[in-house]
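S.K.: Whenever a hint applies, use it, and build me the whole structure from the sequences.
There are 2 protein chains.
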Amino acid sequence: MTSQMHPTRWGDPARAAELPEATRELVRLVFPVVDRTVPDDAAVALPEPGLPNEARTDLVAVVGAEHVATDDTSRRLRTRGKSTTDLLRARAGDLSDAPDAVLRPADGDQVQRVLEVAARHRVAVVPFGGGTSVVGGLVARREGYAGVVSLDLGRMKRLLAVDPVSMTATLEPGLRGPEAEALLAGHGLTLGHFPQSFEYATVGGFAATRSSGQASAGYGRFDDLVVGLAVATPVGRVELGRAPASAAGPDLRQLFLGSEGAFGVITAVTVRVRELPEEKVYEGWRWSSFARGCEAMRALAQAQLLPTVLRLSDENETALNLADPASVGGSSSGGCLMVVGFEGRTAAVAARRAEVSTMLADLGGEPGGEKPGSSWAAGRFHAPYLRDSMLDAGVLVETVETATYWSRLRTTYDAVRTALTGALGDPALVLCHVSHVYETGASLYFTVAAPEGDDPLGRWATAKGAAMSAVVVSGATISHHHGVGTDHRQWLGDEVGAVGLSVLRAVKDSVDPGRIMNPGVLVP
Amino acid sequence: MTSQMHPTRWGDPARAAELPEATRELVRLVFPVVDRTVPDDAAVALPEPGLPNEARTDLVAVVGAEHVATDDTSRRLRTRGKSTTDLLRARAGDLSDAPDAVLRPADGDQVQRVLEVAARHRVAVVPFGGGTSVVGGLVARREGYAGVVSLDLGRMKRLLAVDPVSMTATLEPGLRGPEAEALLAGHGLTLGHFPQSFEYATVGGFAATRSSGQASAGYGRFDDLVVGLAVATPVGRVELGRAPASAAGPDLRQLFLGSEGAFGVITAVTVRVRELPEEKVYEGWRWSSFARGCEAMRALAQAQLLPTVLRLSDENETALNLADPASVGGSSSGGCLMVVGFEGRTAAVAARRAEVSTMLADLGGEPGGEKPGSSWAAGRFHAPYLRDSMLDAGVLVETVETATYWSRLRTTYDAVRTALTGALGDPALVLCHVSHVYETGASLYFTVAAPEGDDPLGRWATAKGAAMSAVVVSGATISHHHGVGTDHRQWLGDEVGAVGLSVLRAVKDSVDPGRIMNPGVLVP
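First to last, the sequence lines map onto chains A and B.
Whatever position you read off the first sequence (first residue = 1), add 604 for my numbering.
Whatever position you read off the second sequence (first residue = 1), add 604 for my numbering.
Keep in mind the hints are simulated off the structure, nothing from the lab.
Treat the hints with care, as some may be off.
Stated by the list, open to error - Taking beta-carbon pairs under 10 Å as the criterion, some of the chain A residues facing chain B (in silico):
| id | residue |
| --- | --- |
| 1 | P768 |
| 2 | V835 |
| 3 | E843 |
| 4 | E864 |
| 5 | T874 |
| 6 | A952 |
| 7 | S1011 |
From the three backbone atoms N, C-alpha and C, an ideal C-beta is built for every residue, glycine too.
M.R.: What follows is the structure, encoded as structure tokens:
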């Protein structure tokens, strides 16, 4: 795995497999395939780094000269995130959002001092973890600032504490998913947080964006896992979480979870951990329709009988997966594929699996064995590479995700699909899966593929706007696990109302009176 | 059940049983028993109601003249809450905190308009649900205000919506525990929230104080149950909760949960509900020591194998319960009593009970049968009546509660006990139970009994201060489920730090710029 991603692509070039041939075949059938040349990174010009000398001197005094980088490569690698819009802009040679400098603090103390220096010099600070934001969370406003620095937390990778009695661990924010898991595994523990961005995204980012992993049914969303937080803000530090639960007023942890760098920098996260599972098993179940599969998910959740992993693809997504023989083991009976996974002690896995299987069979599911499950597991972090291949072929691929209550799920599903297909016209593919379930509702994750056309950015902006209107009108949330960033900011008022917005502004003003923290992100 | 409680006592006079004779005997052995005469309510003078006429006229225009009460009885019944300090002050003839008027709005619209009128006239507003606060949550500051009104939500008792698909229900804030349960039972549903104050406390109060019920292991804390909130603030309404979970920035629901009337008035709460249990069974288990029992609770929580109810009394509390033959069925083998309860479908209860019993037996617990369990269930809402009887006998009874992580639990337990016994001197009884458990920690609930002495208020203030210092120094939370109110305000900075306090002040200023909402409560 490379330590940083290109601005134009996801992940490790060595792993960026071509599209599976069957999928490529399908894409060719549906879309006019074009070969896009992606510019060589080094050929794309960056704006001159504009950090004032005095600010640079003071920042160097905090983190050391070797950790204040202004070279093009360092800046390029911290430019924007990984939304399709971000990639398309980079592919078009636009890296105008590059930071003026990249700072790499060693610890929470240095972060705190960086914020104080930045506030004094009116320098905007963009906290940077894995760089995997897909909502413009790294695209800070420049106007009105003496400069913009990327605060790369990549040196802060310590496991600060393990409490095996309380089953908690305290992690530094710069740990990527696999790094955190490796450190915890040394103590026989796991965090159990596996979002699609797992290989690159960081613990700090998980917390700052309320990430949700593929095993959330079993381990919980990341905000559920967090019991304590340390945050550096321009007005000072705050440490929260003296108990798993408290009635000491509002839960301020929940204000910094999801704060997306706009209130401060999360410098340590204390999380609930579990023992490393003895066994992991994933299997496929087939449902005659998406509606039947959704009903089964609801039944499991409301019976408090969830497996560790529970996902359901709709008819379209199932069909596309079926086009890739690796993914479903040759079965092509149509309907909808559900992936059901169990992790834990062997006996507990067996017991839960038996109970879940009985319920699923009773509800009309057809067991598909472990092949579709292990195939899903093998490819679970692969989708962003596929997107790159599709972009190379001139096919625009992007996602829209939301969540709502069970009684509204179908309405939201239909509304978003209609909005996307309407806005994109023919040919367009809209796939969907349910990736996270709760007793009272579930998430919907749409993947869209359509020809780029002449103006892919404008084309996507229109489709995204239509989809978000459908989300809002149908009463669903504007994001279940991607966050607000800059891309969803205009809809935040629909989510929390005018009073909610003024509360967010008040909180921001109290911890960041100079408004230097990730300006323009989250808070409209 | 009477609709309002006396300022000097808990609950329904008809149910205020004398102390059980065995307990009375024990009290006599330990304490010098004195007979206290409690003044007749009507004999206690109230301050003149001071609401300016213009404010009164405008408030009458909103809620109607019949719902603006300034008579002594109405005001007396909304004076303070039910802490021992509150009762002692009322018993001493001090009702100086009586509101100037009691308003009874019909719905959320009227609440909103009341706040606007109150802000215009600079009238302080104290939201009033069941009047069961034990942390001074109803004792607002008068200085600087044209008057103080109690905003009694007792007319807002509707079940606004039931969504049997999503398993949610929307409740008005004035519903007391049994009223909410009765309405939900009409749909085959339950909320499952049974705090000790259940018979009087209200849905709005549960939300505003982050209440936790005796069946929290199975149903969750109240803040876990809430998926949506409507709040009236002086600057307008806010509705939150478009999905069970979201990444649309910070979770602002968690800012109004625990806001204790200081940010606004909760006018509707949407909660997760469960189907009414087919079966409820409670049983006793005996442990050789509190430490062994705590270890067993931790094992259950970390194996994700919690029953619906899980409580553990320490040696002292177990011994005192044993003095009441009704409570443990004559068994007096010492050690520590654990109450383990199961609610749900019959088959699920049987399965979970079998698994839990196996684990408890493996860990050294001795099954005590259903008698101690059903005895606990029969008396589960009775403690406040016992306190009244003890106060009548000149014995000061009060509680201190906290929560912390498992690895610190014993340290906190020892520190608080030492602080309380040290401050109160001999004779004093300090009892404790663990009432709420989590994977990472648990709560501790101390009950203290000591002779009142000449200055019971001063005596308790000293003991409480010592106990809270012990809580803070040992790293535990200042309240697990009672809240902050005015009594814990001075320690809130220890909980959330200076930055946390400034965030709370900023939120308050943004939604309540005139600072009319429950002034002096929660926010220092």
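S.K.: Could you run down the list of hints and mark each one as holding or not?
M.R.: Now for the hints, and whether the structure bears them out:
no.	hint	result
1	P768	holds, 8 Å
2	V835	holds, 8 Å
3	E843	holds, 6 Å
4	E864	holds, 7 Å
5	T874	holds, 9 Å
6	A952	holds, 8 Å
7	S1011	holds, 4 Å
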